[in-house]
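Novice: Chains as they are written, first to last, in my numbering: chain A, 112 to 224; chain B, 117 to 231.
No wet-lab data here; the hints were simulated from the structure.
Treat the hints with care, since some could be wrong.
Straight-line Cα separation of at most 27 Å, BS3-like style, residue types lysine-lysine; simulated pairs [unchecked claim]: (1) B/K132 to A/K149; (2) B/K132 to A/K130; (3) A/K149 to A/K129; (4) B/K119 to B/K154; (5) A/K133 to A/K149; (6) B/K132 to A/K151; (7) A/K120 to B/K186; (8) A/K164 to B/K132; (9) A/K147 to B/K119; (10) B/K186 to B/K119; (11) A/K149 to B/K186; (12) A/K147 to B/K132; (13) A/K152 to A/K133.
Note that the structure is a prediction, hence the values are computed from the model and not measured.
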Amino acid sequence: DTEVTQTPKHLVMGMTNKKSLKCEQHMGHRAMYWYKQKAKKPPELMFVYSYEKLSINESVPSRFSPECPNSSLLNLHLHALQPEDSALYLCASSQGTGIQPQHFGDGTRLSIL
Amino acid sequence: AQKVTQAQTEISVVEKEDVTLDCVYETRDTTYYLFWYKQPPSGELVFLIRRNSFDEQNEISGRYSWNFQKSTSSFNFTITASQVVDSAVYFCALSEGADGQNFVFGPGTRLSVLP
């Protein structure tokens, strides 16, 4: 079983909906990440939180809004998404940023109608 | 700028064959970290190994082995006596600088091990 838990596993939403993806880890890691992965492509980094502060935002559209309520939780709020946003969204955590191995969740497979 | 190249898009082998996955990286930093991750069909990425730029010692872990050569900027991964469960997409990744703030995956190699 993965130590990083993502919910939901699957999400279908319309372009006008508002939804949130959730990620939780209890390994005491202080860095958490959101990635977007399209089919047959590598994961692309979206956001990095280090000690609950947003440290990296890779020019992601504002329709994606991250939130880190505490060191164990990471949310990704979605609003007015486009069909091209359909992808696998992966959450990861690590003890520190960059040089430490990242532990990944199973991902949320998002489909935008 | 940093870049990771995995020239093999897809590889198919028959069970029990050995297979090597290539990874070539490009960086101007003297301090960097290299990783390999496995992504099975279930979707979760699994960390396999991390190497820093100052440690060129090769490593073996069971059927897995890694060959790090700074002279050719390569960090290749070999699976010995492959098994069907090894079928997955394998990503090489590079993290640059002492803080490793820049992290990028290579394009991945899809390995299919046939029974």
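Novice: Would you mind marking each hint as holding or not holding in the structure?
Specialist: These are the hints, each one checked on the structure:
1. B/K132 to A/K149: At roughly 31 Å apart (the allowed maximum being 27 Å), A/K149 and B/K132 break the hint.
2. B/K132 to A/K130: violated, 46 Å
3. A/K149 to A/K129: holds, 21 Å
4. B/K119 to B/K154: holds, 19 Å
5. A/K133 to A/K149: Holds, at roughly 19 Å.
6. B/K132 to A/K151: Holds. B/K132 to A/K151 sits at ~26 Å (cutoff 27 Å).
7. A/K120 to B/K186: violated, 40 Å
8. A/K164 to B/K132: violated, 47 Å
9. A/K147 to B/K119: holds, 19 Å
10. B/K186 to B/K119: holds, 15 Å
11. A/K149 to B/K186: violated, 31 Å
12. A/K147 to B/K132: Violated - the C-alpha atoms of B/K132 and A/K147 are around 34 Å apart, more than 27 Å.
13. A/K152 to A/K133: Cα-Cα ~23 Å, so holds.
When held up to the earlier numbered hints, the structure conflicts with 1, 2, 7, 8, 11 and 12 and fits the remainder.
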